[in-house]
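Participant: Residue numbers (our numbering), protein chains in the order written: chain G, 1 to 216; chain Z, 1 to 443.
One or more hints might be untrue.
[Stated by the list, open to error] Subject to a maximum C-alpha distance of 20 Å in a straight line, what follows is the list of computed SDA-like cross-link-like pairs (lysine to any residue):
| # | chain 1 | residue 1 | chain 2 | residue 2 |
| --- | --- | --- | --- | --- |
| 1 | Z | K216 | Z | D181 |
| 2 | Z | K442 | G | D134 |
| 3 | Z | K306 | G | D134 |
It should be emphasised that the hints constitute simulated quantities derived from the structure, not laboratory data.
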Amino acid sequence: MRRPDDTELFGMLGEYGIPLVPYEFARTRVEAVAAAKRVGYPCAMKISSKDIPHKTDAGGVVLGIASDGDAGKAFDSIMANARNFAKGASLDGVVVQKMPGKGIETIIGIKKDPQFGHVLMFGLGGIFVEVYKDIAFRVAPVSVREALDMVREIKGYRILAGLRRQVPYDIDAVVQVLMAASTLVEERGDIAEMDINPLIVHESGATAVDARALFE
Amino acid sequence: MAVVGASNNEKKWGYRLLRNIMDGGFRGGIYPVNPGEAHVQGLPGVPSVKELEGKVELAVIAVPSQHVLAVVDECGRSGVKGLVVVSAGFAETGGKGKELEQELVSLVRDYGMRMIGPNTLGIVNERASLNASIIGRLPRQGGISFITQSGTLGLALADWAIDMGLGLSKIISTGNKADTDDVDLLEYLDRDESTQVVVMYMEGVKRGRLLLESVKRIKKPIVAIKTGRSQQGARAVFSHTGSMAGSDEVFSAAFRQCGIIRVGTVECIFDAALALSTQPLPAGNSVAIISNGGGASIVATDECEKRGLVMAELSETTRDRIRQTIPAFASASNPVDTAGTSTVEVYRIVTEALLQDPGVDSIAALYVHTLLSDALEPAKALAELKSKYPKPIVACWMGGAGTEAGVELLKKSGVADYVTPERAIKALAALVMHREFKEKVKT
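Work the whole structure out from these sequences, hints included.
Facilitator: This is the structure in structure tokens:
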């Protein structure tokens, strides 16, 4: 089993048409500030290291960076925290991402099951997945109808459909990402596990903000 | 057929198997094979399968595991086509047993034979009057076939189904599934004319992906109970998906995708099978309930809601017809409550009105027994209507003692009767689910 680094992982997701929030990698403070400028403020900065899959736990995430000065400081603190958190970890630098637009957090997952092969998972993010386990599964590959069934099957569907809001979230965009994930596992038999988490679903469109994966 | 390891010793499998085969009335030749006995249970025995060259197609093998390969080799040379290997001591014991099973499978395949087992508790084929199993009796003839991975529990369930009066066609204890597995057996039962419904007791599958593809093409209803939680390794949780996608969740998803009706309890598998083998499929998920007591219909209504069934909205005509029949203080809307009346006339008129209502897809007819009523009367009404209308009817004649004649008539006339309203509604839900599978999943 191996963990791909962010460059490989984000590259692969992009290749299969999974919409990623605009991002750039940076190894040094100078690169980080320049990257922040290019993706535009407000932006987020996160540690990039395959030894640190849970970035927040390592103090490796700074959100809402608004200026060049903030960007430089964010780089310093992330690198220092990461060094403290995981001694000897190989640190690739940081990934600088544009802050995603407003939306609702969801998660799309992949797992290779020993009896049925690749399985797709869908659920709302945060406590919905961790505490309520309000999630749907299908064995891949899935049809568009099956992908839509997954979205409709969870209890939280009503939230996606616009509960207490005027406008529903973009369910077609979720289905498209599920279909992309389905194609991905058909071609990449070596994926053991993957979370696209969060996938922010907007009123129009969806953006993947982070992912982690385990390859065979 | 040959019974290898057939015995005169009542404590041995080889005794029980031969006894059951003989008692079942198998019409072909039965040859006990035992090197130590000239006669086994009155039948002339032979010392080895070699003596039976060209005479037998099927061999049931119940000898110690270390002798199985030699016996199978003789079977192959003597032209045997099918094997039922009851002997244990193979992959289920790990290590050496696993190797022995691999050798067994390659030997079986070299000769082009097919094998059930090893470690099976046998097979029953009602059509052939063949009871090559440890079940003490043959079931009544019927359209339900049963595949079980657990030997003892599975056969106890089969026994219970026989007690329930269910008609069974084939019973197969798969054992270790070394050669034939669920996929082979399902495809066989799909082609089998006497099988209408397949019931499965599963602990795991060997070829999950193939099962999924194969079952999508099978239009006969399959009802399964899947037990055994996932055995997640001690590996630290890496992803959310990794921690959530346990084998149980994956099975549920896979079953839904290929159209296997998954039930949660052992009683439910045969409840569903009874409905699926006796009732037509409903056109939709709307249910009408008739009951002589409010309590039973409330229980049934609650269960409908839990199972995603909806209470049918009755037409004005239907309600008028009902209103003219039942007491003024009774309820003419769905669920229909006859307020204690359970005469043939009331049950006939109300049930017929419900059956004729285009908004009603299926009927749950309930009857609560009292000392003042006759359980046979409402049963007569249903028996009369059952053959006239192509809508499913499930029933629940509650009360035990005193209801027997009514229950017997319901069974005879093809109404699926259950002990509790919940079980009746769950069975109805299985019918609805299968109809949806046929529409959405089956190719």
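Participant: Indicate, hint by hint, whether the structure satisfies it.
Facilitator: How the hints compare with the structure:
no.	hint	in the structure
1	Z:K216 with Z:D181	holds (17 Å)
2	Z:K442 with G:D134	violated (27 Å)
3	Z:K306 with G:D134	holds (18 Å)
Checked against the numbered hints listed earlier, the structure breaks hint 2 alone; every other hint is satisfied.
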